[in-house]
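Student: Chain by chain, the residues run as shown.
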Amino acid sequence: MGKKDLIGGSLWDQYSRQVVERMNHPRYRGELTQADAEKAGGKLIVADWGAESCGDTVRLYWIVDEKTDKILDARFKSFGCGTAIASSDVMAQMCIGKTVDEAVKITNLDVEFALRDEPTKPAVPPQKMHCSVMAYDVIKKAASVYSGKSIGDYDEEEIVCECARVSLSTIKEVIRLNDLKTVEEITEYTKAGAFCKSCIRPGGHEKRKYYLEDILRETRKEMDAEKEAAAEPAFDTLTLIQKLKRIETVLDEEVRPILSRDGGGVELEDIKEENGELNLYIGYRGACRGCAAGQSGTMLMIQQKLRERLDSKISVYSL
Amino acid sequence: MSERIYFDNNATTRTDDRVAEAMAPFLTEKYGNPNSLHEFGTEARRPLSEALDRLYAGIDAADEDTIIINGCATEGNNTVLKSAWISQILNGSKKQIIISKVEHHSVSHTAEFLTAQGVEIIELPVNRCGVADADALKELIDPDKTALVSVVWANSETGLINPIRRLCETAHENGVLFHTDAVQAVGKLPVSVREVPVDYLTFTAHKFHGPKGVGGLYLKNGAPFVPLLHGGDQMGGLRSGTVNTAGAVGMGLALELAVAALPYENTVVRGLRDAFEDEVLKIDGTFVVGDRSLRTPNTSFISFKGIEGEAMLWDLNREGLAASTGSACASESLEANPLFEAMNLNKDLSHTGIRFSLSRMSTEEEVVRAVEIVGRAVKRLRSISTDTNA
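As you go down the protein sequences, you meet chains A and B in turn. Just so you know, my numbering puts 26 at position 26 of the first sequence, and the rest follows in order with no gaps. Every number in my numbering is 319 more than the matching position in the second sequence, counting from 1.
Derived from the structure by calculation, the hints contain no laboratory data. It should be emphasised that the depicted structure is a prediction, and the values quoted were computed from it without experimental measurement. Where is the CB? At the ideal position from N, CA and C, for every residue including glycine. What you were told as hints is all true, and nothing was included just to trick you.
Derived DEER-like restraints, expressed as beta-carbon distance ranges: (1) B:437 <-> A:25: 51 to 59 Å; (2) B:439 <-> A:150: 41 to 49 Å; (3) A:5 <-> B:579: 35 to 43 Å; (4) A:121 <-> B:585: 44 to 52 Å; (5) B:437 <-> A:214: 23 to 31 Å; (6) A:206 <-> B:695: 27 to 35 Å; (7) B:410 <-> A:117: 57 to 65 Å; (8) B:613 <-> A:206: 31 to 39 Å; (9) B:436 <-> A:262: 47 to 55 Å; (10) A:237 <-> B:434: 45 to 53 Å; (11) B:695 <-> A:117: 25 to 33 Å; (12) A:150 <-> B:322: 53 to 61 Å; (13) A:207 <-> B:352: 48 to 56 Å; (14) A:6 <-> B:436: 21 to 29 Å.
These stretches of chain A come out as covered by chain B in the derived footprint (C-beta under 8 Å, 3 or more residues): (15) 19–28; (16) 75–86.
Listed next, the in silico SDA-like pairs over lysine to any residue satisfying Cα-Cα at most 20 Å (straight line): (17) A:191 <-> A:217; (18) B:420 <-> B:448; (19) B:698 <-> A:24; (20) B:457 <-> B:482; (21) A:3 <-> A:14; (22) B:401 <-> B:545; (23) B:420 <-> A:203; (24) B:601 <-> B:688; (25) B:601 <-> B:589; (26) B:698 <-> A:29; (27) A:140 <-> A:152; (28) B:698 <-> A:31; (29) A:245 <-> A:313; (30) A:197 <-> A:11; (31) B:698 <-> A:25; (32) B:698 <-> B:639; (33) B:401 <-> B:540; (34) B:698 <-> A:28; (35) B:531 <-> A:7; (36) B:698 <-> A:21; (37) A:197 <-> B:428; (38) A:305 <-> A:235; (39) A:105 <-> A:65; (40) A:121 <-> A:18.
Between the sequences and the hints, there should be enough to build the whole structure, so can you do that?
Tutor: Next comes the structure, spelled out in structure tokens:
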């Protein structure tokens with residue numbers, strides 16, 4: 001927050017002149033027909049993307065030269081706001097002259113960049129970035145119509161934030177490398193979540209497969225688990241003294257409280273390591289001394305607790 | 320270029336010239352603080368008292384009731400909901416507040432804030448006609464738990480009027496307090512707090528040709544109330560802060576003028592709105608939300624099939640016609656409009672609605688031009704649209 005955020009920019013004032021010009025006079029709006037395709041000697045491709053109930057739809061028309069895969073001509077139609085129309089218009093223009101494989105490499109960031117008046121000044125305000133995403137998605141759809149491949153084949157990686165095109169792996173990586181603890185930090189590092197904010201948590205502008213809050217929580221959980229594992233070396237790599245301490249801890253936490261309820265107790269009398277096996281010799285105290293279960297149930301219970309918590313190669317014997 | 324046309328009067332209105340003129344002296348030579356002892360202060364007291372007389376008369380309030388002059392309706396709505404929380408819920412005597420599903424953000428976002436404080440917020444749905452229903456309220460209300468019912472008098476988007484008297488009666492039958500946000504009703508419809516005995520009512524001057532930055536909060540005599548602002552005990556200690564004399568004078572006169580103009584609003588403005596609506600609805604693929612008889616006389620919320628709302632506003636604005644949209648294209652949320660949902664309207668249409676709101680300053684010539692502008696915008700945008708059936 002600060003002076004510039006108090007009134008908030010007027011949405012339309014933040015559009016570049018190019019966005020305004022293309023909204024007012026889109027050059028590539030309209031349709032291409034079968035007759036147009038035959039005349040140009042290419043194949044007509046029509047692709048739809050989006051839903052009116054979500055506020056945006058776009059239809060892309062291509063004529064593709066089947067020998068060279070080159071896009072000879074392109075047009076669009078759009079049910080969308082000014083930035084959606086302007087983005088679709090520049091996207092259609094960018095397709096012309098490219099091969100289909102080249103066209104699918106056009107991203108929403110390229111579209112937005114092409115609409116800028118100055119290289120460093122965004123063409124649209126942050127909350128409008130998602131309008132250019134549609135223009136990008138429909139290209140993949142058109143490519144899949146042309147090639148017969150599934151649309152998923154054109155997704156190189158899992159994208160979490162469509163507006164800023166930030167992938168799942170990138171987000172996990174920055175969280176780990178920089179030890180990030182908040183979504184705001186992720187946004188600062190990657191720009192993910194800075195625009196339409198849909199990817200931060202459910203309930204935003206559109207439904208997403210992944211949300212930054214969940215990714216952050218899951219990644220932090222993984223990091224914590226790894227840290228814990230790293231802090232506690234595996235039991236079989238410990239020295240005998242260290243093993244002894246860990247065994248005492250388990251006896252304190254899990255065994256002695258049970259025995260003391262009946263007025264009994266247990267002490268470790270001896271410990272022997274033989275061929276990777278660890279044999280423990282215990283002596284009972286109090287009420288446990290002379291109790292029949294000391295040689296069976298109680299002893300097995302102690303052995304099981306130690307095996308669960310420490311190592312399956314532990315055996316317990318009563319002296 | 321011809322004159323711009325302003326059909327966005329539900330957002331704000333032009334201050335009436337007579338109101339601006341009446342306010343001017345209190346910004347220039349009579350700038351005293353009405354709470355001061357000297358003459359600069361005392362000379363502001365009588366005009367302030369006259370302004371209160373006009374406000375009381377404007378909503379037909381009894382002298383033993385209270386009208387607090389505050390900053391805006393958002394302040395009024397916040398104060399009422401938070402007061403109910405502090406006086407009835409924090410002390411454990413009640414648990415919940417009922418609000419309708421079609422409230423302005425100053426109520427619904429305050430309710431969200433209160434949810435985070437542990438208040439149970441219950442939403443009263445609207446029926447197929449788009450209005451809140453007293454029978455539905457009867458089902459939801461719980462005399463042991465409900466602290467307050469708050470329902471907007473008229474919806475700002477569609478102009479749909481809620482049956483406030485019946486809703487208020489239902490609340491009172493259950494011993495529950497009733498609040499209404501009446502910003503879109505005061506100055507457009509007859510509002511009498513004697514005939515509709517609400518406990519709390521909020522309004523704001525700039526919706527009826529008064530200035531921005533001043534509003535009113537009506538409290539029925541005896542209604543529990545906790546002030547939001549503490550300080551110098553202005554407004555009898557109920558709303559501290561130096562009184563906005565010029566604003567209060569302006570609001571008083573603006574309300575008097577608006578109430579005097581109600582017959583004009585109900586005949587001429589209604590006639591202009593109906594004529595505009597009739598002409599626009601001749602365009603294929605258009606429809607208006609809400610029965611005319613259930614709406615404020617100045618408002619039409621019209622859907623244009625195949626045309627996204629913001630794109631429509633863009634084209635209208637290029638030709639000098641100001642309207643607004645309920646579409647959330649630029650917002651961070653695209654939740655389906657609860658009103659559209661309740662009225663079983665096609666959800667494809669939820670991004671195509673444009674609100675046109677007229678006022679007593681609108682003219683027939685403007686209506687004629689506006690119809691032409693709308694026609695041209697629809698033609699151009701449909702030529703771009705993917706919706707070929709439009």
